[in-house]
Amino acid sequence: MLLKLSDVQLRFAGNTVLHDVNFGVAESALTSLIGPNGAGKTSLFNCITGFYKPQGGSVVFDGHELLRLKPHRVTKLGIARTFQNLRLFREMTVLENVMAGMHCRTHAGAFAAVFRTPGQRREEAEIRAEAEDCLRFVGILDEKDRIATTLAYGHQRRVEIARALATRPKLMLLDEPAAGLNSGEKDELIGLIRRIRDERGVAVLLIEHDMGLVMKVSERITVLDHGRLIAEGTADEVRRDPKVIEAYLGQEEGEAAL
Amino acid sequence: MADDAASRRRRDPAPSRPNTGVAQLLAVFDDPRKFWLAIAVVLVAVAVAPLLFGQYATVILTNALLYVVLCLGLNIVVGYAGLLDLGYAAFFAVGAYAVAILGQQTALGFWAAIPFALVAAAAAGVIIGGPTLRLRSDYLAIVTLGFGEIVRFSARNLEITGAASGISGIEQPSLFGWHIDSPTEFYYVFALLSVFAVIASVRLANSRLGRAWLYVRHDEDAAEAMGIDRVRVKLAAYVIGSIYGAIGGIFFAVNLGAISPESFSFEQSVLILMAVILGGMGKIPGVILGAFIIVLGPELLRDLGELRLLVFAVGLLLIMLFRPSGIWPSRKS
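As they're listed, the protein sequences go chains A and B. One point on numbering: in my numbering, the residue at position 239 of the first sequence is 239, and numbering is uninterrupted. One point on numbering: in my numbering, the residue at position 279 of the second sequence is 279, and numbering is uninterrupted.
Chain B extracted, bound-state conformation (with noise of 0.2 Å):
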């Protein structure tokens, strides 16, 4: 009897999970049959959901899966390579500062805008990451917290950046002669953004750079020893995250029409930030599920007035409380 025990308990020594109903639900995700349909029904979902709602809910899922994209970016610094980032929110500033900048000072067009936006983006991860990625992770979140304020105030201050009142009159992109402008339009190139985000996600996981960052998270020694230059290797999960933040940016320019640097604001990291914890570290329908909580939550909970945004707090510490590791569960027991 004891013998028993102790030998299950050496055939499987880790702490066995608890058999909840999210637990359960994951197990369909084992097999690969049921995995693909439930990519495809959550696919049709996004594709019809805004002939089902009306435009001011379409106008609201937009805005979450702009989330999508942002959190997935900051799931690569926070998630997979452990780099507490807390001015993530600068990334995304560039992007549309980028975008609208060069829309109103060039003749480029916003197709042909995109690749600077994104090289600005990337610099300013470099400039960011560069020298602050050799410190450890308390020191480097306070470093990314003022440079989030300093892209902020900088915003505020330069005429070129259009001060406290930003830029407006952003014009709308065409591609093909398709004038992107409606709520449903827009609706639609952030769900291929999401889309474009999560293929990307899966495929950088599941790559030698994104095993790179796993070994640098659990122990960065032992990382050195097997040879992966950890700085280096930070310094890409910047830049792509830096990458992802300035993708949101852009089309959240174009879709407004008008940016101010309230729209950065160190509140936007953090919710960004509290997604990304919310549904799971490094884990990507976690993530995904942590936009939409952080994002449809206070609207679902508008029927509460002036106590929402209370409510919508206490489920929050309710989440984290019970899930301290995010609502999704790890897959490997």
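Extracted from the complex, chain A is given alone in its bound form (with noise of 0.2 Å):
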């Protein structure tokens, strides 16, 4: 298992986000996590990538405890993430956006800066080459020079992409990345996200609502309800299972969506 939770346990206030969570992602797996609104999905990736301090158990990655890590620490480990509402660095180019992905891969600091030693620059070079290559994987390189906010929006996703690539990450975490997205978009979508695994080895875990997308894209599939884990398994036996038919409101629509 390249990431592995063990009884996470998440509250806020007296309310308890996430019940003793058990799960793990395999290395260079395809897993989504679905569930209703509000089920505890993006809490889950917040107490992964350390913006959130979960109150008990352990998040192990690729053999480090993540659990006391800043977020920061967490990406240069080697996860990378996407938001649910894009946050691009706004008045910055594209190309710029996607070389903040680059830093915790660099070193060079002020002194290095100011007097342009060779190390630096060549850092430099290195920086750029490889977001224009993220830019060139994501299918958007004619735009890096671009201000990020100003591209239609199913390419702003893809910058966030590109950013979270640039970290070099061995597990990327993408939080409803079709959102918004229209049904072409939404197949480019699906062959990126398999491009990422496929040729850049990168496992992936997917929070979305589009099911249709979740059930082409996905090898495995994790249901999550009122912050406990109800299934696991393939799309088919998720979509066979009767806790998760009875979690999407009611069994009737709940079969309906699926």
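No lab work stands behind these hints, which were simulated from the structure alone. Where a beta carbon is used, it is the ideal one built from N, C-alpha and C, also for glycine. Heads up, a few of these hints could be off.
Chain B is faced by these chain A residues, among others (derived, beta-carbon under 7 Å) [to be verified]: (1) R81; (2) F89; (3) R90.
Make one complex out of these two single chains by using the hints.
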């Protein structure tokens, strides 16, 4: 297991958001995390990436315990994420946005910058090349010099994915990457997610409400409801699970949704 | 027709910049040849200014160049990293007092004292920044305001800083047998410092650290998710800003030959901040322009007598009303 959560518990002011969640992601796997609104999916992401501090349990990634680490340390260990609501850096170009991802893989400080040391210049070239490579990978290299927030919505989503890729992750957490995309863009997204795994060897953990996309792309699906893990398995197994059907707002409607 | 408008909007949804005179002027800088020509013109103007104007003007221009250094330093803190600092004069004071005290109490000599003064300022940056950078920026503003006052009060009450009368008789430096003492010579020293300050600012802005400041300023969480340690990056901005301030202070002290606590008042911090905001936070040419306006403005209005500060203040208000993000326009559209 690349990522292993054991008995993760998260409470906010007496409200238990996550009840002893046990959950894992295998090396180079395509896994989805689904569940009704408010099930705790994004909270789980935030526990993995260090934005929330769970009260109990453990999160082990690649042999490292993540629970006490700050978000930037988690990223450095190899977990990248995107945000549910786009969080691009305003007023900066697409390329500059993606260059952010390389920060944790480079070292030059103020002294090197002021004196333009050979090492610093080499590193700058490397940052730029890697960022351009990530943009080529997601297919928007020709827009690299535009201000990121002026791109079409679907392309802004790709900037976020490219930015996450530029951190050179082993695991990528995508929080509702299909939200707001039209059906053509969703098909492209499915292709992109597969290529992230196939060509880059990066494991992907996906939160998504679009069941069609989830069923097509995931090898394994985990279902969360009211902070509890209620099912886990392949698309077919999850689709037939009565507990899952019930979780999705009454049985009949649930069946319709799946 | 409607389709056409919609597709145009999609292609360029950014609010279009009004095509003002300043924006047109700025277009010059998109052509690298014209850009370097503009730089050369400015450098020549700086070089010949003392020859064209009298000694009085030279002293005023020296002060403007000092402000360029201080404003570029504060710009790193406020403009790049987005940390509101209301006590920047404290770092200016630390540099000035460190060099004055070392000159008085030790036989180090001016040049050997500089590294100590810079380390003292950097340490002050860490002391004030370390515990406070986790605060939100409005709290940080209050803490820095207090810090600025603490430094000034300490200087006024400690014996080693000469209490209220300050330190006088600070020796002017020599470099390879050249004794730097006339106003014109100091003008060129400050011109050189300003050039270095600009180069360092440009290089920092176009670096990994410079981008990290912008990332953190725009969105701390997204920056953290990209692997950026926001506390560390902000602390770097603080320390670099304090070193700029100290460099200004060091040469300010030897230029005047005497310093007193009142040179480092809250008003001083406010003036520096005002120049940065006026010119345009985070924009180097704007900040330089702001520094010149703040120093030269009241001088140019001297003929108005008692009214001059009123006129100057109204002028500043009008500028901020019509160009709230600073005189210098944003390059990106």
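Each hint tested on the structure:
1. R81: holds, 5 Å
2. F89: Nearest chain B Cβ about 4 Å off; hint holds.
3. R90: Since the shortest Cβ distance to chain B is 5 Å, the answer is holds.
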